[in-house]
Amino acid sequence: MNSLATNLRVVRALGMRSIRQTFRRPQLMAPIIVFPTLLLAIQTGGAGSAINLPGFPPVQSFLQFMLAGAMMQSLMLAGNSGGIALAVDIEMGFTDRLFAAPISRFTIVLGRLAGTAALGLFAALWFLAIGLIFGAEIESGVPGALIAIALVTTCALAVGGIGAAIALRTGSASVVQGLFPLVLVVLFISTAFFPQDLMIEPAKTIAEYNPLSFVVDGIRDPMISGISGSETLDAVLAIAGIAALGLVLSARALRHRVRTG
Amino acid sequence: MEASATTAGAGAATALPTWRANAATIGALISRAKNELLRVPGAAIPGVLAPTIFFLGLNGVFGALTHLQGFTTGNYESFIVPVSMLQGAGFTGAAAGVNLARDIEQGWLDRLLVSPAPRWVLLAGTVLAASARALIPATFVFGMALALGAGWPGIDGLLVTYSMVAAMAAVAACWGSMLALHFKSQSAAPLMQAGTMALILTTTAYAPLALLQGWLQDIAWINPVTQVVDAARQGFVGGVTWAGTWPGIVALLGMLTFLGALALREMRRTAV
Numbered sequence: 386m387n388s389l390a391t392n393l394r395v396v397r398a399l400g401m402r403s404i405r406q407t408f409r410r411p412q413l414m415a416p417i418i419v420f421p422t423l424l425l426a427i428q429t430g431g432a433g434s435a436i437n438l439p440g441f442p443p444v445q446s447f448l449q450f451m452l453a454g455a456m457m458q459s460l461m462l463a464g465n466s467g468g469i470a471l472a473v474d475i476e477m478g479f480t481d482r483l484f485a486a487p488i489s490r491f492t493i494v495l496g497r498l499a500g501t502a503a504l505g506l507f508a509a510l511w512f513l514a515i516g517l518i519f520g521a522e523i524e525s526g527v528p529g530a531l532i533a534i535a536l537v538t539t540c541a542l543a544v545g546g547i548g549a550a551i552a553l554r555t556g557s558a559s560v561v562q563g564l565f566p567l568v569l570v571v572l573f574i575s576t577a578f579f580p581q582d583l584m585i586e587p588a589k590t591i592a593e594y595n596p597l598s599f600v601v602d603g604i605r606d607p608m609i610s611g612i613s614g615s616e617t618l619d620a621v622l623a624i625a626g627i628a629a630l631g632l633v634l635s636a637r638a639l640r641h642r643v644r645t646g
Numbered sequence: 008m009e010a011s012a013t014t015a016g017a018g019a020a021t022a023l024p025t026w027r028a029n030a031a032t033i034g035a036l037i038s039r040a041k042n043e044l045l046r047v048p049g050a051a052i053p054g055v056l057a058p059t060i061f062f063l064g065l066n067g068v069f070g071a072l073t074h075l076q077g078f079t080t081g082n083y084e085s086f087i088v089p090v091s092m093l094q095g096a097g098f099t100g101a102a103a104g105v106n107l108a109r110d111i112e113q114g115w116l117d118r119l120l121v122s123p124a125p126r127w128v129l130l131a132g133t134v135l136a137a138s139a140r141a142l143i144p145a146t147f148v149f150g151m152a153l154a155l156g157a158g159w160p161g162i163d164g165l166l167v168t169y170s171m172v173a174a175m176a177a178v179a180a181c182w183g184s185m186l187a188l189h190f191k192s193q194s195a196a197p198l199m200q201a202g203t204m205a206l207i208l209t210t211t212a213y214a215p216l217a218l219l220q221g222w223l224q225d226i227a228w229i230n231p232v233t234q235v236v237d238a239a240r241q242g243f244v245g246g247v248t249w250a251g252t253w254p255g256i257v258a259l260l261g262m263l264t265f266l267g268a269l270a271l272r273e274m275r276r277t278a279v
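So the sequence lines, in the order shown, correspond to chains A and B.
In the working numbering, each number is its position in the first sequence, counted from 1, plus 385.
In the working numbering, each number is its position in the second sequence, counted from 1, plus 7.
Chain A extracted, bound-state conformation:
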């Protein structure tokens, strides 16, 4: 068997393990699905009248607008949970055993990221289903839904890279868990929950340059209007940037981990 096939098998096995781990432990699943769903329901019910504000983009309902934000929150937390699980593996010595195995070290990280991407896919499907059940329409139909799913899945992979880098560098689950509030901060200063034009300063200005705003707008666009090439391209470029950052940081952290043990 060639080495590529072996590496792919390792990535698949570790990815499956990562998914099973998340579904078996409620403390890992809750942040990915329960909290974003709860927040989606509460924000939709609590701030739903916002669609009557002058300057709010034309939408069918606030739920339709908020779906992209909920997916974004879920994928960010999936990345964070993936980092926590990797750090737990390091603390328990499981990663050391993998390092000693005759496999590429990158497959260890890629396996975890594959699991995170699968959770991102699950989150996208979950929130699309919630939206459809509660009456939100996907304006651009199946192609738009597929674009949203693809963006959420790849962004989960990209964000997971940063979580993995922090886990590899620190080797501490509590440190990675400590980033949980930071995820919320980054989301609040993006367009995840409200249109940028209606936000209050300084959040408004920060949201304009926050890469997550580009991603969330790319996910939202096919849902509330139609597929726009420029919005999708911006989202793809932002995801590529986050992925590149995650890749560089993970590579450096992996080298550090192998060197220091």
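Keep in mind the hints are simulated off the structure, nothing from the lab.
Among the hints, a few may not be true.
Label-pair restraints from in silico Cβ distances [claimed, not checked]:
hint, chain 1, residue 1, chain 2, residue 2, range
1, A, Arg644, B, Asp225, 56 to 64 Å
2, A, Arg640, B, Glu43, 33 to 41 Å
3, A, Arg405, B, Gly221, 34 to 42 Å
4, B, Arg27, A, Val570, 44 to 52 Å
5, B, Ala217, A, Ile518, 21 to 29 Å
6, A, Arg644, B, Asp117, 40 to 48 Å
To give an idea of the chain B side of the interface with chain A (calculated C-beta under 8 Å), a few residues [what the hints assert, rightly or not]:
hint, residue
7, Gly70
8, Pro197
9, Ala212
10, Gln220
11, Trp222
12, Leu223
Every residue gets a Cβ at the ideal spot worked out from N, C-alpha and C, and that includes glycine.
Chain B: place on chain A using the hints.
Quick look at chain B alone, frame taken from chain A:
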């Protein structure tokens, strides 16, 4: 024989009345919680950080809601700050449950259970410690809100808000303790946090009742925490009145009685 009589006599002479022994035990448990905080100050950070992030985030994101017709104030900082203070209380109460679950996992609670202290005293120590601890995030969020332009609620408004915060932390601690005693594992932490979060946010947290969507309006109407939020908010958006305060007190007493009884039931079921 003589020695044992002497020991018994000394024991009788130093024995405390039951109520004083109970108060001393509650005081010791509160001191233990305080010591935890002093020795590991970092442990208080998540409890302070979460409501602060929610306050800043909600204010930055939903601040424009005050432009809607029917909104009761033009200042969203003032509208949302009592909610964030109550959220801090909710997180602190849930953390008390997580700490109790940790004590169960590590066997510390077993040692308390074999002591002569009644079960309700052990529960009261945990709950009152959470009440006191909730004042830290509340004060931090309140200070930040004032710095960002929230209105001064007046001494009476502040007293009502802080009382509601302390009592809400006790309610959340009863909820967290009940789950900790039932599941006996820190894995129940998300349930403790999600429960308090849902209870506090399915109220008039984001907007006045008239502006909520139909289903949330119905839930907020029956959710007793709505009365608590409205009572805690009075000083920030208008004046404090008895008519605006007593429903909050009644709601808190009801929730404390109900959840306290459930937590005590779980405590009594916990065998050594």
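Status of each hint after checking the structure:
1. A:Arg644 x B:Asp225: 56 to 64 Å: Holds: the Cβ-Cβ distance is about 59 Å, inside 56 to 64 Å.
2. A:Arg640 x B:Glu43: 33 to 41 Å: holds, 38 Å
3. A:Arg405 x B:Gly221: 34 to 42 Å: holds, 40 Å
4. B:Arg27 x A:Val570: 44 to 52 Å: holds, 48 Å
5. B:Ala217 x A:Ile518: 21 to 29 Å: holds, 27 Å
6. A:Arg644 x B:Asp117: 40 to 48 Å: holds, 44 Å
7. Gly70: Where the cut-off is 8 Å and the nearest Cβ of chain A is about 4 Å from Gly70 (chain B), the hint holds.
8. Pro197: holds, 3 Å
9. Ala212: holds, 6 Å
10. Gln220: holds, 4 Å
11. Trp222: With a closest approach of 6 Å, the Trp222 (chain B) hint holds.
12. Leu223: holds, 3 Å
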